[in-house]
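As they're listed, the protein sequences go chains A and B.
Residue numbers in the first sequence follow my numbering, run continuously in steps of one, and reach 899 at the last position.
Residue numbers in the second sequence follow my numbering, run continuously in steps of one, and reach 1271 at the last position.
These are computed hints drawn from the structure, not numbers from a lab.
For glycine and all other residues, C-beta sits at the position ideal for the given N, C-alpha and C.
Any given hint could turn out to be false.
Cβ-to-Cβ under 10 Å is the rule here; a few derived chain A residues that face chain B [claimed, not checked]:
{"#": "1", "residue": "Ile296"}
{"#": "2", "residue": "Ser306"}
{"#": "3", "residue": "Ala308"}
{"#": "4", "residue": "Arg392"}
{"#": "5", "residue": "Glu468"}
{"#": "6", "residue": "Phe498"}
{"#": "7", "residue": "Ala501"}
{"#": "8", "residue": "Arg628"}
{"#": "9", "residue": "Ala741"}
{"#": "10", "residue": "Val774"}
{"#": "11", "residue": "Arg778"}
{"#": "12", "residue": "Pro781"}
Simulated restraints, written as ranges between beta carbons of each label pair [to be verified]:
{"#": "13", "chain 1": "B", "residue 1": "Lys903", "chain 2": "A", "residue 2": "Ala411", "range": "37 to 47 Å"}
{"#": "14", "chain 1": "B", "residue 1": "Glu1060", "chain 2": "A", "residue 2": "Thr299", "range": "22 to 32 Å"}
{"#": "15", "chain 1": "B", "residue 1": "Thr793", "chain 2": "A", "residue 2": "Pro758", "range": "31 to 41 Å"}
{"#": "16", "chain 1": "A", "residue 1": "Ala411", "chain 2": "B", "residue 2": "Met908", "range": "53 to 63 Å"}
{"#": "17", "chain 1": "A", "residue 1": "Ser598", "chain 2": "B", "residue 2": "Arg937", "range": "23 to 33 Å"}
Derived EDC-like pairs: lysine to aspartate or glutamate, alpha-carbon spacing no greater than 16 Å straight-line [claimed, not checked]:
{"#": "18", "chain 1": "A", "residue 1": "Lys508", "chain 2": "B", "residue 2": "Glu732"}
{"#": "19", "chain 1": "A", "residue 1": "Lys508", "chain 2": "A", "residue 2": "Asp520"}
{"#": "20", "chain 1": "B", "residue 1": "Lys824", "chain 2": "B", "residue 2": "Glu792"}
{"#": "21", "chain 1": "B", "residue 1": "Lys903", "chain 2": "A", "residue 2": "Glu633"}
{"#": "22", "chain 1": "B", "residue 1": "Lys903", "chain 2": "A", "residue 2": "Asp520"}
Residue-level listing of the chains:
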Amino acid sequence: MSGRLEVGFDIGGTFTDTFAIDPESGERFVSKVLTTPENPAVGALKGLFDVTRSTGKTVADISHAVHGTTIVTNAILQRQGAKAALIATAGFRDVLHIGREIRYDIYNIAATFPEPLISRALSFDVPERMLVDGTIHQPLDIDATRDILAQIRAAGAESIAVCLLHAYRNPVHEQAIGRLIEAELPGIPYSLSSDVVPEFREYERMSTTAANAYTQPLISRYLAELTGALQAEGGERQLFVMLSTGGITTPEIASRFPVRLLESGPAAGALATGYLGRALEEPHLLGFDMGGTTAKACIVDRGIPVRTSAFETAREERFMKGSGLPIRAPVIDLIEIGAGGGSLAHVSRLGLLQVGPESAEADPGPASYGNGGLHPTVTDADLLLGYLNPGFFAGGQMRLDTAAAQRAIESDVAGPLGLSPTDAAWGIYRIVNESMASAARVHFAERSRDPRRYAMVASGGAGPLHAAAVAQRLRIGRVIVPQQAGVFSSFGFLTAPAAFDFVRTAIMRLDRLNWDELNAIYAGFEATGRSMLGGAGIPEHQHRLVRSADMRYAGQMFEINVPVPGGVLTPDSYPEMARLYHQAYQVRYGRSFPDAPVETLNWRLVATGPEPEIALPYVSELAEPGQVASARKGTRAAYFGDQAGWLEMAVYDRYQLRAGHAAEGPAAIEERESTILVPPDSSFSVDRHGNVILAIGQFETAKNIARQEALR
Amino acid sequence: MTYLTQSTDRRSTTLDPITLEILWARLISIVEESESVIVRTSFSPSIAESDDHSSALLDRNGRLLAQTLSAMPAFIGILDNTTRILLEHYPPETLEPGDVLCTNDPWICCGHLNDLNVLRPIFHKGRIVAFTANTADIGDIGGVGTIDARDLYEEGIRILPSKLVRAGEPNEDIFKFFKANSRVPDQVIGDINAMLAGAEMAEKRFLEMLEEYELDDIDDLSDEIQARTERAMREAIRRLPDGDYFGHVRSDGYPDPIDLRVKVTIADDEIVIDFEGTSSQVPYAVNCPLSLTYAESLWPIRVAIGADIPATNGSLKPITVKAPEGSILNPRFPAPVQQRTTIVHNAQAPIFQALSSLAPEYIHPSRIQANSGCIKGFSMKGTWSAAQKPEWSSGDRFAFGYLANGGQGGTGATDGQACMSYPDNCANVPIEVVEARSPVLFLRKELTIDSEGAGEFRGGAGQSIDLRILNDDGLRYSPVCGDKTINPPAPLFGGEPGGLGFFGVNGESTGLRPVWVNRGDIVHFRAPGGGGYGDPSKRDPEAVRSDVRRGLISAERARGVYHVDIDEDIPV
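Whenever a hint applies, use it, and build me the whole structure from the sequences.
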């Protein structure tokens, strides 16, 4: 048999997941094999063989393969990257070791910080100096550079980071050092800050360049092996690698800029949300993923996850901003808070109930797992409230111990607070929902978005159970729980567009732009972007080139990202550019100053190909809403607060639900990975794709709001 | 967990502990968002890059309700006092929606004229339900801005409690005063607008909260927050043994040394910190009004015993801070105060010393630290020469403060961090930003080798900076927080003091005085290392070798001070 096959594979710490779709028949295939840490390509090939075999095809039939990997992230977290050296401007090798000099916890004087990825012993500096305007103040000392390269060779360094002051403005000295490295140390990979992240703020740029150099040898070796192994099997078509933005890129680019893959894990989930949004024609979605330890949320507009340009990796304290290594690279703008099924509830020294961020993790886990956990978690509260079925946890593979949950809640929460166990459990449930909603509310507000216009897509082990309550707090009217959320997320992989990001700092007054320089920057970005997209097999008419710039009022310190018109820019473009800036500022901060001069910082371009069209499959014939009784497993009592009290709620088997089925809450819909909770006042229905859609009581749906606004 | 025995009186309130937790978390999230607006829209690097600002919510009686967890110690416990005084000038019944009060009086607010406070009443259903207050260092407000000022009048413009905004209409007179008196008017006005935007955001979110929870006011909420935090703080103090505990450190002073002496008295559930015996005020700008002495003295207490008790009016009530009137920590008006952190940043050190006799039995050693190098820096003021004036600058003048931190003192459990901001928390401004905003060229910014105070837990390294002046017309270079160039950061428990700081020009020491420097001159700056904790000979030899490998200390020092031989060629 021949034909095409689109494949995604995701190498995690434990399992390598592979999934394929036959675009002609629409058939889908999945495989799960153990990851082979010593050579991950082995596990990857095994998974590929699995899916090709079950389709009667071969690796040679793969037309499009998307690969997600945590190798870069793990190399940093586990300190398994290369022995890397740093070359800085003379006098500034300690920029990496001094950092920003600021504490992340005012009252913990024993707080620790992550070690930089390049040791101080391997940090070198060379005489040279650029000025802030890009003019050369002191030429690069070539002989001194050669001496340092000899020391780097003698020290056995495997990779080199080069980060010179003001190199974002003028990269010629970094480039000269690059050529010297190629001549003196052939085969040693190097990362220039002016390539990796040509943006001002030397510490953040150096930290990013160091992370790139630290992970580069590993990722390029690995991708070369993988590409070789695929080619040996006849797979000659393009392999793509998942980026932190949810775009995909070629192995060559991924090998040069591994920092752009650092957050690709969570990106897949956001992509899946975007994919669903396109398929269901929901333009505005909030992806909400609640697992055992954390909850994540991201905003997806018209299929595209909202992005940001900075994050931290390797935090000492997972939820403490400033406790990690800063990375400047485009990334999906995701919030993560310490709220999951395993989050621990305790009474603080102020006599208040608090939930998380500490977690019981998988071991010992919640008290109700019966693995020795003595302290109450969110899952224990969910169980006590009747939301979880003790006999059908993880599809019945595990029995939850209600008595143990009750003991833990009584001793740690109910007793100290003088509450009944039910009220204590209800308190835990409320607080965890509130803290997730509160984080999401600020996230929406800071991005100038109105949550009421959004629908929520819930996933993760605990997501579908808490989604309705969080949506209610945010006044979100509609919650979508996709079928087989885990697998669904994998298929999102296949919908990732090829994407290449470009940035250059050029600080100018908006009313006195150097139009030639600006047009030259964009001409360069666009030529490279088109050639990269072309190299990825995307025809020119499908190229999308989106410009933006970071701007601020002249003299301010922080910038906002604003769209920039396409085409050749001229003085006539100025009014429109200024209008876009003032408007964006007004929306974000509630005031603007149309007469104040504006300053531009970073000019950006994103070059993308089309999102592959993959239709959501129809899972069943339409059934009548009333026939939902056929999916009913029974009823059980569940608690919904002091006013509603204990109610008898219907329990449904998700695998028996058919498209068109619908019912009022309260109800629970059980599946292997999770339980969907439909509170009183809310209802659910099943769509043609098998998605369960909750209509949250008391609130109008996003679509209605949009419609009303359109009418106005 | 003895705190939990108080559950009996908890039912007296209408607020259950769950609703209370939810609303309180919401208040903190509101001040966080307000601060984020100020940072993102401000113009001064001191606010945007160094975080020299704070927001707070107060109840309608002016009691502190919520501040962010990252609020600087200097701003904790000050805003409620400032609010009370502003309301004495403008009683609440005279205020209307959209009003904003302000002052930068050092004795009312944060100890120097650069810190402006704005206060906005929040109205709901026709009455005041709360206040939102912001304080920020808005940079240049005129004056000489150096240690040499002889009285407050030399330090810039003072705005007594005034209405900055009247019912939503900016009071242009006050804006004009600021504009006319600053070297960088656009920056100052931009910062004030940022503070107003932060206050508006706090009000908006606060009203959304009231609406969402159908609350008419937050009186019960505040009563409960004050009561619980006060109870927790009193309980924490009660667990310490009663007694008087003493500490003393010496600062370089200007021109003569300054002694800070403290007696910490613990009596049942209250603490009195008394600076009796501390040196008198001086006619130079290092005096610190009591408002800031108070705030800076709270920090070591909260580190030692109250890190998890939020700063509220209630939790601060059991702590009293006294300093003799006319002393350097409680000077009489109009003492010059611009560089008041020079001395008051050392106030935490004798308090930690006093508390150190309670470790490890009553206070965990990881909560006691030797003195740090602390925040140091320099300022540069002048006129752009025509050729160097950058694109963005609308005015002719520049005024730039650069902060650089010394090493942290060792704690009883960890080494001090190199170049870490203590006791307040100010990030450095990137060199690439400084060079865009002032006509200087950095030549180096490096860790200072062998500058750590030796100890079982050593202090962190300090740093050395050199820079060249590029401005054709020269500029005024002035040390900021100049101290510890003669009297090093004090150690604890047999450790050694941290390495000294230094200020100089063209290879020569200039001490703490401001100097005019010309094009081509080279300015030197060294921030001190942190003091050591415990006997250096008890330090783990492997930790000493690791420091040598990283080039933080020399092999000679390893041998001489730590008695660890570094014979082998240490592999990289």
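Status of each hint after checking the structure:
no.	hint	verdict
1	Ile296	5 Å, holds
2	Ser306	7 Å, holds
3	Ala308	4 Å, holds
4	Arg392	8 Å, holds
5	Glu468	30 Å, violated
6	Phe498	16 Å, violated
7	Ala501	16 Å, violated
8	Arg628	8 Å, holds
9	Ala741	4 Å, holds
10	Val774	13 Å, violated
11	Arg778	6 Å, holds
12	Pro781	13 Å, violated
13	B:Lys903 to A:Ala411: 37 to 47 Å	54 Å, violated
14	B:Glu1060 to A:Thr299: 22 to 32 Å	25 Å, holds
15	B:Thr793 to A:Pro758: 31 to 41 Å	52 Å, violated
16	A:Ala411 to B:Met908: 53 to 63 Å	55 Å, holds
17	A:Ser598 to B:Arg937: 23 to 33 Å	26 Å, holds
18	A:Lys508 to B:Glu732	15 Å, holds
19	A:Lys508 to A:Asp520	15 Å, holds
20	B:Lys824 to B:Glu792	14 Å, holds
21	B:Lys903 to A:Glu633	13 Å, holds
22	B:Lys903 to A:Asp520	24 Å, violated
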